[in-house]
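K.L.:
Sequence:
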Amino acid sequence: MSVRFETPHLTFRAITYKNCNEPFQITEETITLTKTSNEGYTVGDDELLVEVHAAALNPVDLYLYNSSYWIFGNKPKGLGRDYCGVAVKVGSNLSAKFSVGDRVAGVYTRPFGPGTVSEYVLINHKKFGSTLRVPPGVLLTDVELAAWPLVFSTAAEALEVHRGSKPIGKDSVVLVIGGATAVGQNLIQLAKNHYQVKKIVSVNSASSNAFVTGLGADYTIDYTVHQNLLKPTLEIIKTELEGEKFDFIMDTVGGSDYFSDINLVLKPRKEGSGYATIVGDQKSNYVSANIFKVLTFFGIFARIISSALGWGFKYSYFLLTPSEKYTSWAMDMFEEKKLKVTVDSCYAFEDHQSALARLSSNRAQGKIVIKVKKSL
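Residue numbers for the sequence shown follow the UniProt record's numbering, so the first one is 1 and each next one is one higher.
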């Protein structure tokens with residue numbers, strides 16, 4: 001599938017916004033191509049031009065939208081970080097990795113920059129190198145392929161980078177706060193199937209128990225019947241884990257129930273334990289949450305500083321740094337049938353407002369995907 005571009009400007013539709021006071025809308029955007037001597041116009045040496053077939057939404061999309069104050073300017077900002085599509089132009093430095101016509105998927109994170117809910121996306125692979133060619137053995141639909149990159153990569157980074165000093169492994173005991181969330185689902189599967197941890201405890205509603213245990217959780221805690229998670233967690237440690245505390249705690253929903261008695265649930269720091277969160281101390285209200293509000297909580301700052309100085313427990317609040325290593329793990333797990341993708345709902349490109357409303361509801365059970373290509 002070779003596409004010839006006869007002009008230097010590729011025009012296409014995308015979902016964009018200017019700032020947090022203006023709505024998302026369909027706009028016409030342009031990518032500037034590079035002149036060649038024999039094939040019209042193409043992309044830069046390190047660039048990959050992808051025709052997007054499907055793109056997924058994530059809470060971070062609303063965080064960024066709500067954080068888009070006037071100081072960031074009125075240049076159009078894109079929606080979406082995950083995508084699946086087809087490579088239509090491949091830079092000369094990428095010819096060993098990609099060919100025109102390859103099915104590709106990945107995560108593209110440019111805060112306040114272009115998004116993936118767009119008919120085309122131009123990726124500088126040298127700067128944003130988490131795009132991978134989809135192997136023939138990965139038998140997922142375009143919608144499914146768009147639904148995993150960001151949440152899987154976030155889970156992988158948590159387990160690989162933001163755990164304690166001791167690597168996660170076969171003797172590790174892991175607690176996932178929010179095991180039924182998209183990140184939680186991927187973290188459970190990674191912990192069980194890639195790291196082969198000893199035990200996983202998931203905090204979720206009782207209605208999700210069968211689902212998370214099917215993914216690999218060994219025990220569950222129903223947060224809906226407990227005002228505070230400490231007591232039921234201590235009960236699990238006593239009755240099911242034979243008194244063993246956790247090597248790693250990952251919070252995907254927000255909370256602070258454990259901090260006053262963290263030593264009762266988390267192993268000592270000197271044993272390599274750690275606690276990580278992608279949300280902070282409070283459950284997010286996606287309608288109004290933004291990055292700057294999260295970072296104003298004194299408790300988060302105090303823990304980050306104390307942790308950096310080596311005081312108390314190892315604590316990490318992080319946002320994803322995409323890596324090809326993580327996306328390649330996913331491809332391997334897909335081929336081995338060890339990774340499941342959960343899609344909550346799909347929406348047409350023109351119905352993006354309904355997709356955003358579903359995301360804002362905080363009720364999605366899996367990923368929300370927008371079909372960019374009409375034929376899907």
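Keep in mind the hints are simulated off the structure, nothing from the lab. Do not rely on the hints blindly, as some may be mistaken.
[Unchecked claim] Have a look at the derived ranges for each label pair, beta carbon to beta carbon:
#, residue 1, residue 2, range
1, N285, L264, 49 to 57 Å
2, E28, G169, 47 to 55 Å
3, N285, K170, 32 to 40 Å
4, A357, T27, 17 to 25 Å
5, R13, K170, 25 to 33 Å
6, P111, N228, 53 to 61 Å
7, T27, T239, 50 to 58 Å
8, F12, S360, 25 to 33 Å
[What the hints assert, rightly or not] Calculated pairs, DSS-like style, for lysine-lysine (alpha carbon to alpha carbon, straight line, at most 30 Å):
#, residue 1, residue 2
9, K245, K97
10, K340, K97
11, K127, K270
12, K270, K340
13, K238, K170
14, K170, K97
Quick caveat, the model's predicted, so the values are computed rather than measured. The beta-carbon is built from N, C-alpha and C at its ideal position, and this holds for glycine as well.
K.L.:
So does N285 sit 49 to 57 Å from L264, Cβ to Cβ?
P.N.:
violated, 30 Å
K.L.:
When you take the CB atoms of F12 and S360, is the distance between them in 25 to 33 Å?
P.N.:
holds, 26 Å
K.L.:
Range first: 47 to 55 Å. Now tell me if the beta carbons of E28 and G169 are that far apart.
P.N.:
With a Cβ separation near 51 Å, E28 and G169 satisfy 47 to 55 Å, so the hint holds.
K.L.:
For K127 and K270, compute the direct alpha-carbon distance and say whether it is at most 30 Å.
P.N.:
The given pair, whose Cα atoms are some 36 Å apart, is violated under the 30 Å limit.
K.L.:
Given the hint that K340 pairs with K97, does the C-alpha gap stay at or below 30 Å?
P.N.:
Holds - the C-alpha atoms of K97 and K340 are around 26 Å apart, at most 30 Å.
K.L.:
Is the straight-line distance between the alpha-carbon of K238 and that of K170 30 Å or less?
P.N.:
The hint holds at about 20 Å.
K.L.:
If you draw a straight line from the CA of K270 to the CA of K340, is it 30 Å or shorter?
P.N.:
violated, 35 Å
K.L.:
Would you mind confirming whether the straight-line C-alpha gap from K170 to K97 stays at or under 30 Å?
P.N.:
Given that 30 Å is the threshold and the Cα spacing comes to 33 Å, the pair is violated.
K.L.:
Does the Cβ pair N285, K170 satisfy 32 to 40 Å?
P.N.:
For N285 and K170 the Cβ distance comes to about 39 Å; the hint holds.
K.L.:
Can you tell me whether the CB distance of R13 to K170 sits inside 25 to 33 Å?
P.N.:
With Cβ atoms ~49 Å apart, the hint is violated.
K.L.:
Is the gap between the beta carbons of A357 and T27 within 17 to 25 Å?
P.N.:
About 20 Å separates the Cβ atoms of A357 and T27, which means 17 to 25 Å holds.
K.L.:
If I claimed the Cβ atoms of T27 and T239 lie 50 to 58 Å apart, would that claim hold in this structure?
P.N.:
holds, 56 Å
In summary, the structure is inconsistent with hints 1, 5, 6, 9, 11, 12, 14 from the numbered list given earlier, while agreeing with the others.
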